[in-house]
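Sequences listed follow chains A and B, in order.
Add 20 to a position in the first sequence, counting from 1, and you land on the number used in this note's numbering.
Add 20 to a position in the second sequence, counting from 1, and you land on the number used in this note's numbering.
These are calculated hints, taken from the structure and not from any lab test.
Do not rely on the hints blindly, as some may be mistaken.
As the list claims (entries may be wrong) - Pairs of lysine to aspartate or glutamate, DMTMM-like flavour, derived with a Cα cap of 20 Å:
1) A/203 to B/179
2) A/68 to A/91
3) B/203 to A/231
4) B/191 to B/163
5) B/114 to B/179
Claimed, not checked - So the derived label-pair ranges between C-beta atoms look like this:
6) B/50 to A/71: 22 to 32 Å
7) B/62 to A/302: 16 to 26 Å
8) A/280 to B/62: 36 to 46 Å
9) A/82 to B/287: 56 to 66 Å
10) B/302 to A/232: 35 to 45 Å
11) B/135 to A/156: 57 to 67 Å
12) A/284 to B/130: 23 to 33 Å
13) A/62 to B/201: 46 to 56 Å
14) B/156 to A/25: 49 to 59 Å
15) A/309 to B/63: 19 to 29 Å
16) A/62 to B/156: 16 to 26 Å
17) A/74 to B/299: 28 to 38 Å
18) A/280 to B/294: 57 to 67 Å
Glycine residues also receive a C-beta, built at the ideal position from the N, C-alpha and C atoms.
There are 2 protein chains.
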Amino acid sequence: MTTRTGPLFTKVALLGVGLIGASMAHAIRRGSLAAHIAGHTRSPVTRKRASEIGFCHSMHEDPLEAVRDADLVVLCTPVGVFGDVARTIAPALKPGAILTDVGSVKTAVVRDVGPHVPDGVHFIPGHPIAGTEHSGPDAGFAELFDGRWCVLTPLPGADEAAVERLKTFWKGCGSRVEVMDPKHHDLVLAITSHVPHLIAYNIVGTASDLEQVTQSEVIKFSAGGFRDFTRIAASDPTMWRDVFLNNREAVLEILGRFSEDLSRLQRAIRWGEGDMLFDLFTRTRAVRRSIIDAGQDTAAANFGRNPKKP
Amino acid sequence: MTTRTGPLFTKVALLGVGLIGASMAHAIRRGSLAAHIAGHTRSPVTRKRASEIGFCHSMHEDPLEAVRDADLVVLCTPVGVFGDVARTIAPALKPGAILTDVGSVKTAVVRDVGPHVPDGVHFIPGHPIAGTEHSGPDAGFAELFDGRWCVLTPLPGADEAAVERLKTFWKGCGSRVEVMDPKHHDLVLAITSHVPHLIAYNIVGTASDLEQVTQSEVIKFSAGGFRDFTRIAASDPTMWRDVFLNNREAVLEILGRFSEDLSRLQRAIRWGEGDMLFDLFTRTRAVRRSIIDAGQDTAAANFGRNPKKP
Numbered sequence: 021m022t023t024r025t026g027p028l029f030t031k032v033a034l035l036g037v038g039l040i041g042a043s044m045a046h047a048i049r050r051g052s053l054a055a056h057i058a059g060h061t062r063s064p065v066t067r068k069r070a071s072e073i074g075f076c077h078s079m080h081e082d083p084l085e086a087v088r089d090a091d092l093v094v095l096c097t098p099v100g101v102f103g104d105v106a107r108t109i110a111p112a113l114k115p116g117a118i119l120t121d122v123g124s125v126k127t128a129v130v131r132d133v134g135p136h137v138p139d140g141v142h143f144i145p146g147h148p149i150a151g152t153e154h155s156g157p158d159a160g161f162a163e164l165f166d167g168r169w170c171v172l173t174p175l176p177g178a179d180e181a182a183v184e185r186l187k188t189f190w191k192g193c194g195s196r197v198e199v200m201d202p203k204h205h206d207l208v209l210a211i212t213s214h215v216p217h218l219i220a221y222n223i224v225g226t227a228s229d230l231e232q233v234t235q236s237e238v239i240k241f242s243a244g245g246f247r248d249f250t251r252i253a254a255s256d257p258t259m260w261r262d263v264f265l266n267n268r269e270a271v272l273e274i275l276g277r278f279s280e281d282l283s284r285l286q287r288a289i290r291w292g293e294g295d296m297l298f299d300l301f302t303r304t305r306a307v308r309r310s311i312i313d314a315g316q317d318t319a320a321a322n323f324g325r326n327p328k329k330p
Numbered sequence: 021m022t023t024r025t026g027p028l029f030t031k032v033a034l035l036g037v038g039l040i041g042a043s044m045a046h047a048i049r050r051g052s053l054a055a056h057i058a059g060h061t062r063s064p065v066t067r068k069r070a071s072e073i074g075f076c077h078s079m080h081e082d083p084l085e086a087v088r089d090a091d092l093v094v095l096c097t098p099v100g101v102f103g104d105v106a107r108t109i110a111p112a113l114k115p116g117a118i119l120t121d122v123g124s125v126k127t128a129v130v131r132d133v134g135p136h137v138p139d140g141v142h143f144i145p146g147h148p149i150a151g152t153e154h155s156g157p158d159a160g161f162a163e164l165f166d167g168r169w170c171v172l173t174p175l176p177g178a179d180e181a182a183v184e185r186l187k188t189f190w191k192g193c194g195s196r197v198e199v200m201d202p203k204h205h206d207l208v209l210a211i212t213s214h215v216p217h218l219i220a221y222n223i224v225g226t227a228s229d230l231e232q233v234t235q236s237e238v239i240k241f242s243a244g245g246f247r248d249f250t251r252i253a254a255s256d257p258t259m260w261r262d263v264f265l266n267n268r269e270a271v272l273e274i275l276g277r278f279s280e281d282l283s284r285l286q287r288a289i290r291w292g293e294g295d296m297l298f299d300l301f302t303r304t305r306a307v308r309r310s311i312i313d314a315g316q317d318t319a320a321a322n323f324g325r326n327p328k329k330p
């Protein structure tokens with residue numbers, strides 16, 4: 021533990037103030053991690069709303085103003101525009117500043133942002149693995165990162181002191197921190213996040229397209245399991261489009277395995293192979309237990325949604 | 021509304037006292053729907069535990085004793101043994117009694133139970149669409165059915181008074197009631213429950229089998245979406261094996277559509293068709309809103325799992 025006097029950063033610039041950017045601002049304030057938080061977003065509506073909520077000390081139309089003199093700059097937009105944003109802000113980045121991001125993919129971020137980073141700026145890609153199905157500045161809250169993992173993927177030769185400082189920052193936001201290779205990150209997230217989102221979007225789409233079952237029936241009887249998928253399938257469309265377009269290789273790899281496994285289950289159902297089904301269903305139950313033991317989900321039945329049951 | 025003096029049934033027999041049977045007992049007590057609740061289960065351990073909790077007035081090793089003189093008999097075991105149970109209890113069923121069940125499939129229940137029902141007994145298949153990932157007598161709670169739908173699938177020519185009485189019973193347990201054809205029920209549930217469970221079991225299985233990503237990584241980073249699937253994939257293995265073996269036709273039909281749709285998404289990712297992805301992801305968001313508006317799920321972010329965010 022280092023003893024700190026005063027905030028960790030003089031000025032943090034958040035480029036993008038949706039769910040993640042806004043939550044970071046709240047968490048930075050809660051942890052007194054920066055003397056000044058500057059925010060930027062292209063959207064006038066979002067900028068106005070963020071100003072009203074007031075989680076940033078200053079909101080800027082011009083991203084160059086937001087990042088000027090900042091010692092921590094965080095890309096919080098959908099990953100599809102990271103390259104453009106990085107190119108735009110590059111001339112105003114302060115030597116010695118840390119440039120990081122919160123994108124759900126990392127190889128593509130290194131590819132798109134890396135070339136624009138000026139000498140003397142420490143580019144350390146990152147990904148806080150936390151979120152909700154809500155989006156926009158009103159969705160942000162200080163506790164979003166509490167107990168969740170943040171993965172940093174520093175490039176070979178990255179400045180160790182800068183990496184440590186960014187680790188300290190995320191811990192101050194409530195996160196636990198892990199360092200990983202970008203390519204490995206993308207594969208891990210493909211299975212723990214990207215493909216689960218894709219199949220959730222897909223089943224909700226399939227349900228919407230049925231001729232024999234009405235939309236009203238799907239809604240009414242959704243408590244049988246379907247409703248859980250709709251939460252995930254309510255996540256931000258722009259963000260998720262960009263994730264899939266930018267983690268193609270890993271997503272297709274995991275999706276291939278998922279489909280193979282599903283074909284095997286399909287065959288087991290067709291041929292009445294009950295033992296095979298029972299064995300799988302028993303094995304998967306243990307994974308749930310591990311996630312609860314690791315503090316990554318609640319043990320309460322139905323995620324605690326039942327009126328009175330603890 | 022009928023005005024009732026005294027309980028709706030003199031004696032209710034619950035054959036099976038796991039999550040659903042136990043919850044029914046609690047709900048029956050809460051609503052004063054029966055003067056006596058008799059329970060049966062084959063398992064000595066479960067029988068002992070159910071007796072300790074005490075939600076039934078009497079627990080029986082012999083199912084014939086449990087159903088004797090009962091005017092409502094409910095099959096609450098996994099559907100795979102319904103036929104055997106029905107054949108066993110048939111001689112002790114009281115004329116005029118209602119025989120129902122809580123199975124997640126209905127065509128197979130009509131097929132397996134129907135032939136054993138004595139003349140004068142009203143067989144009305146049913147399915148309360150409610151549950152949690154927990155199982156066993158300790159998992160039961162009175163509020164499980166509150167606001168959820170219960171589907172009854174009476175056969176052609178069913179006694180209308182008996183159907184009304186069963187409807188009143190389920191409303192007394194907190195449910196809303198819908199009447200449906202068994203075959204249609206099975207198709208609706210295939211999309212709203214069975215296939216969602218199957219793909220949840222499947223993705224958790226796929227994640228367990230990866231060589232390049234450790235189990236520990238899957239657990240740690242599960243907050244990205246995966247953890248939601250593990251809840252569903254922690255459901256009772258016996259119950260779910262029996263569901264898939266007994267709703268084969270509808271599950272395979274929906275699964276075929278799901279796989280077709282997933283192939284289309286896979287292709288869109290491979291070819292970088294962002295607009296197609298964005299359009300689907302926008303459409304699915306609206307389904308979530310409808311489910312919340314219909315009172316079938318919470319509007320709170322992350323199902324309300326976040327520490328402080330409302």
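Going down the list of hints, with the structure as the test:
The straight-line distance between the Cα atoms of residue 203 of chain A and residue 179 of chain B is roughly 65 Å, outside the 20 Å bound, and the hint therefore fails. Distance restraint check for residue 68 of chain A and residue 91 of chain A: the Cα-Cα separation of roughly 25 Å exceeds the 20 Å cut-off, and the hinted pair is therefore not satisfied. Of the supplied pair hints, the one linking residue 203 of chain B and residue 231 of chain A holds, its CA atoms being roughly 15 Å apart against a limit of 20 Å. With a CA separation close to 12 Å, the supplied pair residue 191 of chain B and residue 163 of chain B stays within the 20 Å bound.
Taking the CA atoms of residue 114 of chain B and residue 179 of chain B, the gap is about 16 Å. The hint holds against a cut of 20 Å. In this structure the supplied range 22 to 32 Å is violated for residue 50 of chain B paired with residue 71 of chain A, their Cβ-Cβ distance being about 50 Å. The hinted range of 16 to 26 Å is satisfied by residue 62 of chain B and residue 302 of chain A, whose Cβ atoms lie roughly 20 Å apart. Between residue 280 of chain A and residue 62 of chain B the C-beta distance comes to about 38 Å, which sits within the given range of 36 to 46 Å.
With their beta carbons about 40 Å apart, residue 82 of chain A and residue 287 of chain B fall outside the hinted range of 56 to 66 Å. Here the CB-CB span from residue 302 of chain B to residue 232 of chain A is close to 25 Å, at odds with the stated 35 to 45 Å. The hinted range of 57 to 67 Å is satisfied by residue 135 of chain B and residue 156 of chain A, whose Cβ atoms lie roughly 58 Å apart. The hint said 23 to 33 Å for the Cβ distance between residue 284 of chain A and residue 130 of chain B, and at roughly 30 Å that hint holds.
A hinted range of 46 to 56 Å for the beta carbons of residue 62 of chain A and residue 201 of chain B is consistent with their spacing of about 53 Å. At about 55 Å, the CB distance of residue 156 of chain B to residue 25 of chain A agrees with the hint of 49 to 59 Å. Distance hint check for residue 309 of chain A and residue 63 of chain B: the Cβ-Cβ separation is about 22 Å, which falls inside the suggested range of 19 to 29 Å. A hinted range of 16 to 26 Å for the beta carbons of residue 62 of chain A and residue 156 of chain B is inconsistent with their spacing of about 54 Å.
For residue 74 of chain A paired with residue 299 of chain B, a C-beta distance near 35 Å keeps the hint of 28 to 38 Å intact. Between residue 280 of chain A and residue 294 of chain B the C-beta distance comes to about 26 Å, which lies outside the given range of 57 to 67 Å.
In summary, the numbered hints that this structure violates are 1, 2, 6, 9, 10, 16, 18.
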